[in-house]
Every structure is written in C-alpha cells, then in structure tokens.
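Work out the full structure, taking the sequences as your base and the hints as a guide.
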Amino acid sequence: MSLPTQTPDPTTLFSARGLVVAITGGGTGIGLSIATALHRTSARAIYLLGRRESVLTAAATSLDPTLTTAIPLVCDINSLASIRSAVARVERDHGYLDVLVNNAGREGPHTKAAFEAQTVEELQKILLNGFVDDGPSRAGEEEKEEEEEEEAFKETLFTNAATVVSVSASFLHLLDAGNRRRGWQGGRVADNAVRPRTLPAEGSGVDEGDLRTSQIISVASIAAFNRYSVGGLAYGASKAAATHLGKMLATLLVPWGVRCNVVAPGVYPSAMTAAYPQSFPVSQIPAGRQGTPDEIAAAVLYLVGKGGAYVNGAVQLTDEGETRNSKDGSAVSRVPSDCGPF
Numbered sequence: 001m002s003l004p005t006q007t008p009d010p011t012t013l014f015s016a017r018g019l020v021v022a023i024t025g026g027g028t029g030i031g032l033s034i035a036t037a038l039h040r041t042s043a044r045a046i047y048l049l050g051r052r053e054s055v056l057t058a059a060a061t062s063l064d065p066t067l068t069t070a071i072p073l074v075c076d077i078n079s080l081a082s083i084r085s086a087v088a089r090v091e092r093d094h095g096y097l098d099v100l101v102n103n104a105g106r107e108g109p110h111t112k113a114a115f116e117a118q119t120v121e122e123l124q125k126i127l128l129n130g131f132v133d134d135g136p137s138r139a140g141e142e143e144k145e146e147e148e149e150e151e152a153f154k155e156t157l158f159t160n161a162a163t164v165v166s167v168s169a170s171f172l173h174l175l176d177a178g179n180r181r182r183g184w185q186g187g188r189v190a191d192n193a194v195r196p197r198t199l200p201a202e203g204s205g206v207d208e209g210d211l212r213t214s215q216i217i218s219v220a221s222i223a224a225f226n227r228y229s230v231g232g233l234a235y236g237a238s239k240a241a242a243t244h245l246g247k248m249l250a251t252l253l254v255p256w257g258v259r260c261n262v263v264a265p266g267v268y269p270s271a272m273t274a275a276y277p278q279s280f281p282v283s284q285i286p287a288g289r290q291g292t293p294d295e296i297a298a299a300v301l302y303l304v305g306k307g308g309a310y311v312n313g314a315v316q317l318t319d320e321g322e323t324r325n326s327k328d329g330s331a332v333s334r335v336p337s338d339c340g341p342f
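Just so you know, the sequence shown maps onto residues 1 to 342 in UniProt numbering.
The reader is advised that the hints may include incorrect statements.
Keeping only pairs whose Cα atoms sit at most 27 Å apart, straight-line, the calculated BS3-like set for lysine-lysine is [unchecked claim]:
1) 154 with 247
2) 125 with 154
3) 125 with 112
4) 112 with 154
No lab work stands behind these hints: they were computed from the structure.
Take a look at the structure:
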C-alpha cells in the first residue's frame, strides 16, 4: 500500500466529516461540546446517549432540529440491557460505528474535608462516606435512600471506570464494521501483521488516502494524576482506572484494528464545577481561567480527524499545565509538592 503524498489539507486533518459517532453523556457539558464540534465539521450522524430524554432531545435539537444528524438516544450505561438497546439502534440505522466516545460519568462522595480532619474519628467518618453499613436495620424507605447514598463509592467506580469496558465491548462489532467499510480487513490479524486493505467501496465516501481506523475515545480527568483531588477518593481513583483501561484496551485491540485514546480534561464548565465553584479556583490554573468548550472539542477533533490517524494508546492532557503547576500553593501546602490542586 502506497502512502499518500498530497499536501496536507487542514479541513480534513481536523474534521469529523462523514463519521458515525456515539457519545455517552452527550447531552450536557463536555459531551455536548464534543458533539457540537463534530456536528459543525459535518459528521454523518452523532448519537447522544444519556439517561434524561428531555435533556438529550433539547441538546440534539440545538444541533439539528430535524434530529437527522444529531440523534437523542436514551441509554443508562450502568445497565447492560440498556447499552445493548442503544447498540441495536445504531446498528439498525447505519450498521457500523466509526468513533465511540466514553464520556458519561458521575461525581463521587466528597472527601476533601479529610485534609482538614483534626481527630482520627473525624477522619474515619469522612473516609467512610460512600460505603454501605452491612449491619442490621436496613428497613424502611428512608433507610433505603440512605443506603443508596452510601453506595456512592462503589457506584462511582462502576460508572466512571467499569462502563468503559462494558460500553466499548458492546459496540466492538460495529467498530469492526466501520473498519470494513473503510476497506480494512475485519476481525483479528496475526500478531505484528500489517492489516490488509483494499480500496474503500464506491459510494462509501472514504478516499484511499484516509488511513483512519475505528476508534474509542475515553474522557477521563486530571484527577487521574493527582493525589489531592477535589472530586474525592472514589472520583480520582475511578478516573485513574478509566485512564489505564483506555491504555490497556489500546493494546488489547491492536490485533482487531480498533484504536483507543484518552482525553484528560482539567477544569471546564460542567455541572460539577458550577456546583462547587470554590473548589475549582482559577488561581490554581496558570492561565487564570477555565477551559472553553472549543478547547476540549479541539482535542477530540484532532483524534477523530485524519490528523489523528496515527495516534493510539495516547493520553491527552488538556488542563493548561494545571496538573504540574500552581500559582497559589495554599491548596497544596499539606500534600506532596509534585501534586496539582486536584
């Protein structure tokens, strides 16, 4: 196979033109920012997955009032049956998927106060927030609600990390079909073998010089890299797990021709940063501001465009250097100096 020699075209290097994409947590925040960028660069279809139908419909309508290229799709990523239903819809509509974005997540139980604890008992109480008491007395609606709250630690790990595997695995056959549509041999190839490719089918909209393969992008967080995390122990651990799972999947799926990359955002406008503005001071960010929707979208546009075709197993930090810098040391004065403020 000869490599293309034409002059690079920026309009295709950073473009989602013709792609079929599914984004979990696509109705708000970072997920919607990503969806907006992909839609504006002519993605063929963007499926916005989430639990709240009204939110998804509003988001999709803001992109495409006809709901033809932006499609709301109710899906609870904590339910395998719900994931399979979403996969079936994409398969019915298109029969393949080019890009899966694992973006959905949740907050964890807050343990920031542990750094201020003055007694062992106080520290214990804070750290045990989010765990279930297995003792007796679990009857009654009020106590059931309490139990749901106490399950938060486990649920955070499951939602933010385990679903990276369950959602990715469920879409794999559609990602494989996306490779076949591009002319790549589907299925597994022998270790260290070059994946054969024929010319893309006529009418597929894929040109011979487009060397992209199907891709999974997981949205993690800089909390994955810091020992001081505003989001709490469960949140930081879950994002570290999601990051490493993304790298492990990149290696695991090499023989199958599916790339996996991770984007780790810093502080961007979201429900969590809006709810706890005092926990995300811009004084801790070298630029003195939060990231913008365009800046997180640009990182994903690079990965999905032709410019990112050679990227696999990467973790892209987009935090303006916050992970390793601090203008104001007050937030990290009691933690190791190599930690960021998260």
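Checklist entry - Taking only the CA atoms, is the gap from residue 154 to residue 247 under or equal to 27 Å? => result holds, 22 Å
Checklist entry - If you draw a straight line from the CA of residue 125 to the CA of residue 154, is it 27 Å or shorter? => result With Cα atoms ~17 Å apart, residue 125 and residue 154 stay inside 27 Å; holds.
Item to check | Satisfaction of hint between residue 112 and residue 125, Cα-Cα up to 27 Å | outcome: holds, 12 Å
Item to check | Agreement of residue 112 and residue 154 with the hint, judged by alpha carbon distance not exceeding 27 Å | outcome: Measuring from Cα to Cα gives roughly 18 Å; hence the hint holds.
Of the numbered hints stated above, none is contradicted by the structure.
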